[in-house]
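Visitor: The residues making up each chain are set out below.
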Amino acid sequence: MQPLANITPLKPAARAGAVQLAGVGQIYETSGQDVVAVSDVSLEVRPGRFVVLVGPSGCGKSSLLMMMAGLRPQTSGTILINGASIDVPDPNRVGVVFQEPSLFPWLTAEENVEFPLTLRGVSRKDRRIKAEEALQLVGLDSFGKRHPHELSGGMKQRVSIARGLVQDPPVLLMDEPFAALDEQTRMTMGDELLRIWAATGKTIIFVTHSLTEAVYLADEVVVMSARPGRIVDRLDVALPRPRTFEMLSGDAFGSLRDRIWRHIRKSA
Amino acid sequence: MSSTTLRRLIIIFLILLWEVLPRTGAIPELFLPSLSSTLQAGWSDAGEYGHALMVTLYEVAVAMVFACGGGILAGAVVGSLPRPRVLIMPMVSSLYAVPLVILYPVFTVWLGIGSESKIAFASVYGFLPTMLATAAGIQTIDPQLLLAARSMGATLSQRVTRVIIPAAIPTVLSGLRVGGALVIVGVVVSEMLISSAGIGYLISRYRTILESAHVFAGVLLVLVMAVAFNALIRFVERRAAVWQTGTRAGRDAMAREIPAAALQPSGS
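Same order as they appear, the protein sequences are chains U and W. Under my numbering, read the first sequence as residues 21 to 288, first letter to last. Under my numbering, read the second sequence as residues 7 to 274, first letter to last.
Take the hints with a grain of salt, since some may be wrong.
[Stated by the list, open to error] Pulled from the structure, derived: some chain W residues nowhere near chain U, Cβ distances all over 12 Å:
no., residue
1, F19
2, I21
3, L93
4, M97
[To be verified] Chain W residues, not near chain U, derived (Cβ > 12 Å throughout):
no., residue
5, S8
6, L79
7, I175
8, V233
[Said to hold, decoys possible] Restraint-style ranges between C-beta atoms, simulated for each label pair:
no., chain 1, residue 1, chain 2, residue 2, range
9, W, M97, U, R66, 57 to 67 Å
10, U, D107, W, T167, 21 to 31 Å
11, W, A237, U, R247, 58 to 68 Å
12, U, D202, W, V225, 48 to 58 Å
13, W, A237, U, E152, 52 to 62 Å
14, W, G118, U, R144, 53 to 63 Å
15, W, L162, U, R279, 42 to 52 Å
16, U, R144, W, L162, 21 to 31 Å
17, W, L93, U, D54, 39 to 49 Å
18, W, M7, U, P262, 53 to 63 Å
19, U, W281, W, S8, 40 to 50 Å
20, W, A237, U, S162, 53 to 63 Å
21, W, L162, U, S275, 47 to 57 Å
Simulated from the structure, these hints should not be mistaken for lab results. The C-beta atom is built at its ideal place from N, Cα and C for all residues, glycine as well.
Kindly produce the complete structure, drawing on both the sequences and the hints.
Guide: In structure tokens:
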């Protein structure tokens, strides 16, 4: 899959889960006019960190995520995952969870989770074992035989997370994964995600519109502005873990959220 | 009472009416021969009807291969490539307004009055809905599913075999049902117009000599054929598409693409 020869010899174990962006830019061409979607984004994420990208619509945070997933080429700059550039999607390094669960409706939950393994010709037995582990991790081990239309919105998104984790990639990219869920489910899923993150030690890069969700989940919040999409602020969230519901009404939480909001209001 | 039992009762009631009304003289036997005399007429000339059925079934089978095979192939090309779609779709849609039966005399000039002209006509007749359904089935695939497959490292051929084909199956099947029904219509109508064999030919010949019971025996055979075909497709549909929501979405797509009025047999 990946041109292994091009990887710079950088002690791969130490780099597992590291995400490095340097001068990343993306320009779209729409009817002869160039639109700068992302401009000169540099970002270094240490392994195991939970980083949330927030910003107004059109600030390029989703574009940035697509580039980190290898789904869209950047116009300029470099993106390194595990110390190697990512030119094509590589599910061994990066798992992706989208806003829509994007499950295949003709497959059961289990078969959906197995899908990335099926693509690589993994044997049926090994697929089953890994899929069961992944479903167990997201708390859905007894729902493997159901089809997506028999699952609730939150459950579908859990299956989608299990699918992103099934190949045990060091990095998980999540593009507004809970945006389509109702608020109660959304809160529960946030706690679930933090539990999974603590259990697996993945690097998570998470895009959201919700400031509360951003501060609640993140080690670090990266704030972007629109036209062109670029980073305007980076906040360390020093709140202790595990995060609790009570923190939402605390002063520390409020001041962080206000600081993000001021940036967004300015650029919107 | 469930709607299924009710439906069955209505059918039984109609069959009884068919027997009783002519028997009591409420309807003259010339207009509507009773069921028993129809069956008797069919039975007494079983050899003739059997031969005619073989001819018709042969024509239907060959035309089905051309119409459905060609329709699926053309639909796949038109559905997946934007350029042919722009060129061909408007033409195909306006072709729908043309009563294709006007082409049949031309086919007899080209191919004679044997099976070839029937097969050619029925193939053309059944081709359009199959093609439109396949094109619609491929066009309406959720692009998010293809993106998700790509993020899991699916190659182009894996995306075709594991995403596009299974996603298109329900719509294609409902197109096959309409296309296949039109193939049967096309064969029987063309046999009734100009021919020397087949069930349509028998119906038309017995009509000219006012043998009503024999006419209705032929009608009954065509009815059985159409119902059997429909049952077969429904069986395959149930097997192939357990994910019912998708099936319904497929049917809706069909309904939008193909105006119901255009599906009526034209002429004869």
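Visitor: Against this structure, judge whether each hint is valid.
Guide: Checked hints:
1. F19: W:F19 is indeed farther than 12 Å from all Cβ atoms of chain U, at 37 Å.
2. I21: holds (39 Å)
3. L93: holds (22 Å)
4. M97: holds (27 Å)
5. S8: The claim stands: W:S8 keeps its Cβ more than 12 Å from every Cβ of chain U (closest is about 24 Å).
6. L79: holds (22 Å)
7. I175: violated (8 Å)
8. V233: Correct as stated: the minimum Cβ-Cβ distance to chain U is 28 Å, above 12 Å.
9. W:M97 / U:R66: 57 to 67 Å: Holds - the Cβ-Cβ distance for W:M97 and U:R66, about 59 Å, lies within 57 to 67 Å.
10. U:D107 / W:T167: 21 to 31 Å: Cβ of U:D107 to Cβ of W:T167: about 24 Å, so the range 21 to 31 Å holds.
11. W:A237 / U:R247: 58 to 68 Å: holds (59 Å)
12. U:D202 / W:V225: 48 to 58 Å: The hint (48 to 58 Å, Cβ to Cβ) holds, given that U:D202 and W:V225 are roughly 57 Å apart.
13. W:A237 / U:E152: 52 to 62 Å: At roughly 39 Å between Cβ atoms, U:E152 and W:A237 fall outside 52 to 62 Å, so the hint is violated.
14. W:G118 / U:R144: 53 to 63 Å: 55 Å Cβ-Cβ, so the 53 to 63 Å window holds.
15. W:L162 / U:R279: 42 to 52 Å: holds (46 Å)
16. U:R144 / W:L162: 21 to 31 Å: holds (24 Å)
17. W:L93 / U:D54: 39 to 49 Å: violated (30 Å)
18. W:M7 / U:P262: 53 to 63 Å: holds (58 Å)
19. U:W281 / W:S8: 40 to 50 Å: Violated, at about 58 Å.
20. W:A237 / U:S162: 53 to 63 Å: violated (37 Å)
21. W:L162 / U:S275: 47 to 57 Å: holds (50 Å)
Checked against the numbered hints listed earlier, the structure breaks hints 7, 13, 17, 19 and 20; every other hint is satisfied.
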